[in-house]
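**Student:** Residues per chain, in single letters:
2 protein chains.
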Amino acid sequence: MKRVINLGLIGFGTIGTGVVRLLQANGELIAERLGAKLNLKRIADLDIVRSRGVSVPEGVLTTRADDILNDPEIDIVIELMGGYEPARTFILKAIDNNKHVCTANKALLAAHGDELFKSANKKGINIGFEASVGGTIPVIKTIKESLIANRIESIAAIVNGTSNYILSKMTDEGGSFQDVLKEAQSLGFAEADPTFDIEGIDALHKLAILLSLSYGGKVHLNDLHREGISTITEQDIAFAKELGYRIKLLALAIRRGRKIEARLHPTMIPLDHILANVNSNFNAFHIIGNASDSVFLYGQGAGMMPTASAVLGDVVDISRDLLKGIAGRVPPRVLDEEKIQEIALLPFADVTTNYYFRFSAVDRPGVLSRIAGILGKNNISIAAVIQKGRKENGAVPIVMTTYKARERDVQKALGQIDRLDVVMGKTMLIRIEDKKLS
Amino acid sequence: MKRVINLGLIGFGTIGTGVVRLLQANGELIAERLGAKLNLKRIADLDIVRSRGVSVPEGVLTTRADDILNDPEIDIVIELMGGYEPARTFILKAIDNNKHVCTANKALLAAHGDELFKSANKKGINIGFEASVGGTIPVIKTIKESLIANRIESIAAIVNGTSNYILSKMTDEGGSFQDVLKEAQSLGFAEADPTFDIEGIDALHKLAILLSLSYGGKVHLNDLHREGISTITEQDIAFAKELGYRIKLLALAIRRGRKIEARLHPTMIPLDHILANVNSNFNAFHIIGNASDSVFLYGQGAGMMPTASAVLGDVVDISRDLLKGIAGRVPPRVLDEEKIQEIALLPFADVTTNYYFRFSAVDRPGVLSRIAGILGKNNISIAAVIQKGRKENGAVPIVMTTYKARERDVQKALGQIDRLDVVMGKTMLIRIEDKKLS
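If you read the sequences in order, they're chains A and B. The numbering of the first sequence is numbering that gives the first Met the number 0, which starts it at 0 and goes up by one. The numbering of the second sequence is numbering that gives the first Met the number 0, which starts it at 0 and goes up by one.
Rather than coming from a laboratory, the hints here were simulated on the basis of the structure. Check before you lean on any hint, since a few could be wrong.
Since the list can't tell identical chains apart, any single copy or any two copies may satisfy a pair.
Subject to a maximum C-alpha distance of 20 Å in a straight line, what follows is the list of computed SDA-like cross-link-like pairs (lysine to any residue) [claimed, not checked]:
id: 1; residue 1: K411; residue 2: E31
id: 2; residue 1: K338; residue 2: A35
id: 3; residue 1: K376; residue 2: R357
id: 4; residue 1: K411; residue 2: A382
id: 5; residue 1: K143; residue 2: A30
Isolated chain A, as found in the complex (with noise of 0.2 Å):
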């Protein structure tokens, strides 16, 4: 029977040296779990000279990612390098030379994973990305495995550590936008380039590979409807405080009837509600099955050691099949590749849910009834009003938030309204989310 299965890294980054770490600090209470060994026999990157801190035996470290995709030894591919190319490229070739492969490669699996889940399939051979969403929690497991005796109702998800991070410094200690991320870029919570992870790009792959599992089909990164964090200023986070809500960047899917409502956007959700208290860096995903009603799932997102614990998880469950002499136990979409069809998505306009809007006004009689009057005759009903009189550049705030409306008509009452001569810019608008979804 097979003791030693071997593994070849990609990607000799901050990820891969947690993988090297916790395999030397767990490789003994992990091979005494499994019934194998689990053997690192070679690591690819293009530095391998710099120090990560960890030592690895003299003869592993290569410059040549074909050192392990061509050697017949290897079981295990375990990507680590993110991006599209070549990960794309060296996935594809580990597939078809019968590796079994695991990966944190949101972005590569939200673009391409059609192609790369397919290949695998036809192959016979495992995919393995629970570290690609939600870090070291197991969500993917979760849905995959788990719950797969649900019809999944819906997936509320924090799943961008560094947004989270910078819209909860600024409602717990003030401060705007620009400040925090600055700080959240200097304790090393945020990247240089910040685009991927503020503007909704990552937190949209992460929906993306959700949606799949959940509802068992492809999903196209453009037809998803996507907001950033950039635009959330000091006077939204306090006007939030103010109606008893707190803003979080959420992923979301919602069932209705056959159709899938999917958005990512900043939402303001009730103080009460699970998702409110999920601060800081972490991540976090409520799920409701129709049998098993809400599960909930929290933890580090990201992180050196949190990431390697969801890989080698991966690899673990990977090696049990290679063990019993099986592959493609789980599909990587839960259903058969042959059976994956499009989702069938709710046009965004279509979506119906309570709103928060904020007008930039000039402050003079009569204006919040030009604004009620526009909105009513597109349908919105008006929850609460807060109007004071603070100004600012010469205009004051007025917020308001909705009754359940559609996005169609809120799109086309915004439109009107930010064409009075009396608003003096652009409406700001937040979506809010009731306590349960439904």
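Position chain B against the provided structure of chain A, taking the given hints into account.
**Tutor:** Leaving out everything else, chain B in the frame of chain A:
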């Protein structure tokens, strides 16, 4: 290729009814995901007359468990009758007849798991028991699979919904233990005989199961310290609030070097502890792995449909093995059964933690100093004192919290204090847990 997995259900109570309902509601979806149909071939129960609000095809119901256990067509036996016997005998017979088993029977597993798991291992049979701990929450799978690369540093868990409901009610709405228990019974949140729940017996069973998975070993129920919630008074709830704590019935497992500290008792936890906001009848698990850091799982720990979701999650898991022609992919207690040993428990007297004491003392000068003197002589340092002039049956409550102290010293000191002529009754002791366990 096998396209039908035949199931036999023994025990047609609440959860059994949930399994039938869930198969009827989501059977097609499950079949699509699994690539095979789950066919509930027989249901055995002593009472096959009572209406459960679900219809089953003619010929499915039987009063003889043997109609399932001896049916060569049945692949998986779902045991949902509960209790030690005849559940134990039925499961052993199922294993003997090469049938895989799913069970929610924590009492049986905690007491006889060793025998059942060893038998299953010998025959190459799977036993699924996700539903035995935490209802719908995927805690078993998370420990056995997702966190497999981690050394588990600690688990703090709320695993008994009835106790949590009662403590939450007492805290949020007031009332004595007895009054709230009665209300819980009338609402169906507590049994007519609530002993198993309120005395921590059910919770201890679950702690024993978690220990065996996390630390790869056997554990004897009698070796685990257990206290229930029936001694908690309104006074303690009020003092806890005053001190900034909530009282929860916590199941605790903490690694202390090569030994494991395991205990179940009412515990004061800070308001900002992640478990402090787990209220009503919800369950939750806060697991710290040495790589994963905190992983927090939350959901319904009981109930018809949430538990049925966990049962069918296991059924699908086993079915996925069967469709690949394998079994025993993940050993029931993570380690190969031949490697299972006794878990080395830290003797309870060696536990070191913080304490809350409520003394019932005569309202007379010098009492406080006599109590404090005894504590000091026993190496127990006082962190805070609350003494108020309230008279109750001639006694006043004196409340103290301590810095870290040793259980052995605490028991010795309380023994001495309770013998003082100025102390009117047994001192109340509640342990306090810090925010992070380590």
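**Student:** Now tell me, hint by hint, if it's right for this structure.
**Tutor:** Outcome of the hint check:
1. Proximity of K411 and E31 under a CA criterion of 20 Å is satisfied in neither setting, with 63 Å inside one chain copy and 41 Å between copies.
2. Only between protomers do K338 and A35 lie at most 20 Å apart by alpha-carbon distance; the minimum there is 14 Å, versus 35 Å within a single protomer.
3. Proximity of K376 to R357 under the C-alpha cut-off of 20 Å is restricted to the intra-copy arrangement: shortest distance 19 Å within a copy versus 65 Å between copies.
4. When the C-alpha separation of K411 and A382 is checked against a cutoff of 20 Å, the pair qualifies only within one copy, where the shortest distance is 19 Å, while the shortest distance between copies is 62 Å.
5. In this homomeric assembly, K143 and A30 come within 20 Å of each other (Cα to Cα) only across copies, at 14 Å, whereas the closest approach inside a single copy is 25 Å.
The earlier numbered hint that this structure contradicts is number 1, and it is the only one.
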